[in-house]
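Residue numbers (the working numbering), protein chains in the order written: chain A, 2 to 518; chain B, 14 to 138; chain C, 10 to 457.
Keep in mind that the hints were calculated from the coordinates and are not lab data.
One or more hints might be untrue.
[Stated by the list, open to error] Computed cross-link-like contacts, SDA-like style, restricted to lysine to any residue with a CA-CA straight-line distance of at most 20 Å: (1) K164(C) to Q296(C); (2) K374(A) to G50(C); (3) K507(A) to Q296(C); (4) K292(C) to E91(B); (5) K462(A) to Q296(C).
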Amino acid sequence: MTHSTDLRGRGEAVEGGDAIETVLGHRGLQLEEALIFEQDSAGSSGVDLPTAPEAPDRLGTFRRQGRIGLPGLSEPEVVRHYTRLSQKNYAIDMGLYPLGSCTMKHNPRLNEAVVRLPGLAGAHPMQPVETVQGALALIDELAHWLKELTGMPAVAMSPAAGAHGELCGMMCIRAALDARGDSKRRRVLVPESAHGTNPATAAQCGFTVDPIPANAKGRVDLAAFRAKLGDDVAALMLTNPNTCGLFEPDIIAIGSDLHEAGGYFYCDGANFNALVGRVRPGDLGIDCMHINLHKTFSTPHGGGGPGAGPVVLSQALAPHAPLPWVVHSGDGFALVEHEGDAGDAKPFGRLKGFHGQMGMFVRALAYMLSHGKDGLRQVAEDAVLNANYVLAGLEDVMTVSFDGPCMHEVLFDDRFLKGSGVSTLDFAKAMIDEGYHPMTMYFPLVVHGAMLVEPTETESKAGLDAFIEVMRSLAARAKAGDADSFISAPRLTPRRRLDETAAARKPVLRWREEAAE
Amino acid sequence: MSDMKYTTDHEWIRVEGDSGVIGITDYAQEQLGDVVFVDLPDVGKNLSKGDEAAVVESVKAAAEVYAPLDGAVLEINEALTDAPGLVNTDPVGGGWFLKLQISDPGQLDGMMDEAGYADYVKGLG
Amino acid sequence: MRYLPLTDADRKAMLARIGVSSIDSLFRDVPESARFDGGYGLPDHMSEMEVGRHIGALAARNMAAGSVPSFLGAGAYRHHVPASVDHLIQRGEFLTAYTPYQPEISQGTLQALFEFQTQVALLTDMEVANASMYDGATACAEAVLMAGRVTRRKKVVLSGGLHPHYRDVTQTQSSYLDIEIAGMGPDLSGEEDLSGLVDDDTACVVVQNPTVFGHLHDYSELAARCHDKGALLVAVVTEVISLGAVMPPGAMGADIVVAEGQGLGNPLGFGGPYVGLFATKQKYVRQMPGRLCGQTVDDDGRRGWVLTMSTREQHIRREKATSNICTNAGLCSLAFTIHAALLGEAGLTELAQLNHATASALAERLGKIDGVEVVNSHFFNEFALKLSKPAGEVVSALADRDILAGVPAARLYPDEPALENVLLVAATECNLAAECAAFADGLAEVLQ
């Protein structure tokens, strides 16, 4: 079927995909699937329940009236539905997922098995602590790993994700400033190349954001940084390696200048995978750093979460860590859940219900134990080796933004596409037809048409060779003037390019009966 | 159109007596891409030059529109609520944003005219 | 190392291709003083079997609430999760996918999110819902910040029926922003009246239903009072199964509903990861935090889904974003969606009634024990008991008999001596008759 609808307002017709038409729209293993709401058999359920006991009604007038509106489906229908949906996704289990800054590495299934042990999956967070000593010991053991690997004296375990960890770290900084009566420091320095979460977090802590430019080598411009220091600077938020995939070689000078000027050093640990087992952030002069357990320590991304973002803290910030935390008590462990039990500490508050992302802790600890300190060092080395191998394989056909070597990810920009009529987005969509998830695009903002490739250590050499071959071929095709095939990509996917403009102009955010008819 | 003035932030202002109609230029809408939403101020709001007057959003970007002059908001373009695409299709006509009561006409003096703005855009490459 | 595909021969060949002699030269930007070659106080790698045993030993030191008579609630509930839920969420295509930023190869995650948003809107009786927050408590904090943006006001009133973790997280997240919070003392009796506290400066009032002490309320009048004053009503639900039986906040006029979604699809897991639900009215959607999935069409005109309205989010709006949230509760929301799909209208309604009947029967039975008074006249599946002894001691004594009796109110309110003897007891479909009997017998003995 050939549609020439101009759905994206691009001004040119887009050629249709496969010419084969089928009765139901299925295409081999690509099965069309309606919403569950469109598969309603009223009264059906996929669950059988025990009989309710006789008991007085205690809902009274508070009882819900009328239908909720949920559809009824049997178990086989539900299993089939979500199995079909799953087959419309790309995943790290299927192939290379080179999203820069996201660290999409293999997710070991052992970790899924141990997190489901009844003693962990079935433990209630408000059980008496004497009945959950194993859970507290596990948190303590993971905390020990994080402190050892980072060379930092303390860690706050409760943050639920990286951005939440940033909030935790910046709140510790705000609390430490308040504790020393320093009410003037409200400016936070953030490099232009930073993740969007950094400025968003700083704003949530009542700070103003002051960007620092990058130099021609993709690093913090040291002179510009020094010029920005002052007695109103609360902190610097720096990602290291930075989002261009480069180690900040001046980091120690940056840290000591910052400290001398009275500010705190926040390190965004999203890229810790490049350093784990080789470099301890504590040796770089940082005051706090969040660790995305779902990146470096391989807890699955799950289509967008959950994550976990413990924050390691320096001696200066540790007293302000949020509640709750685990302490050694006699020959076991206890939980400090309230300020009254916190002794000399001055926690800034509480960030989350209960005690943290326990399920992620279990998976991360299993990952760490599997690797050991020797294996983790190899992780960083192989991650950096793989990224540099991709760089070496592509540098003559794509444009590398900054001279290598890179760390765990390599940044290209769109100069090699100049004049081809192919954009970074088009190039990425063509990768999809070749069976690859695209790299991170248009981030960081410091180069034009950014393409940030992070292969991770769990890719084989043969896998990288295949990827390099595909990328080289696409680059050659783009330069040869075959723009149309890029602009119409992807063609082989369950859906082709989607009209994001229409979605945003007239948002349809839920199914409604009337809308479907 | 001689009564059109332009800012370096790619806003235009059309002076109509002691009020001015404000929008973004064709260059600006092209940079943004398909506009999906425009957040306009309340009528009656007093703006100082440089205040955030409106926010214009495309799918992947959001840009603040700053008040080019001091003044109170007299009118806003309600049509943009249902048809934000007017900013793309008719940026200097139906895609206007708001009308200001000009309190200091002297602030117009530093702005570019049409030819000056055309040169300015050319200079951006 | 079983997770690392490169062989030494590969590494050598790759270094040669790169044109360097050793891996160290790839780390040359790292200053000498920052290279750590010292000893980490950590073990070397372990086999899969050894890791399994190590963690298995830790797990075995816990009493599993799922395996003994357990009546704990207070924001986390033990429910039976059908086997197919856990099977489906472990499919690699869901488990090991990233955030669906490339919609052409993420329609599975996106369609499931659209179903999730619809289910949440239906359950809460609201117009729109987002694609999840970290948990109920953080969703509550985000709701308060959103109410501040919508009303451009500062004053916030938190009900004494609000779970203390939700109160604390909200206070913490607001601490450095221009927000004034008035928090009420614990409302054990369920008789709190907040309408007098709503004035022209109030951004929102935050209430919970059922409350942390189990009371049920109809907040319609409070909602009307809020709306009269230009304030919003934020309603919190910590037990999502209650929405199968209890009047939903949307029907009472709530403007924002936040909830803990753990009860559908997600194990207790010692407190996380859980899934925060966030629903509101259509007119406030641009002030909403978090990701949104929206319906659209592709180049061939076929229906599909994308992440939309991203200009609210941190990766575009940076310091002006509605929230700094990025990663959310993706896979937990999928578990929620699949469990809710399995239950359906009939199943969820019946499950909620079963929870209620189980709790009601248990309250009847416990109320007959000397030294036990049931506080609540109306409740869903959780109620408060006043005991003749400190609840902490009772819970410890019953834990020694392998019964997890509930949450002592003092665990949540350590500074309230009046609550020392109060025990929060939840009962769900998992508490079959024998468990309830064991609890009643044990409690009677301990209180003698």
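These are the hints, each one checked on the structure:
no. : hint               : verdict
1   : K164(C) to Q296(C) : 18 Å, holds
2   : K374(A) to G50(C)  : 9 Å, holds
3   : K507(A) to Q296(C) : 16 Å, holds
4   : K292(C) to E91(B)  : 16 Å, holds
5   : K462(A) to Q296(C) : 47 Å, violated
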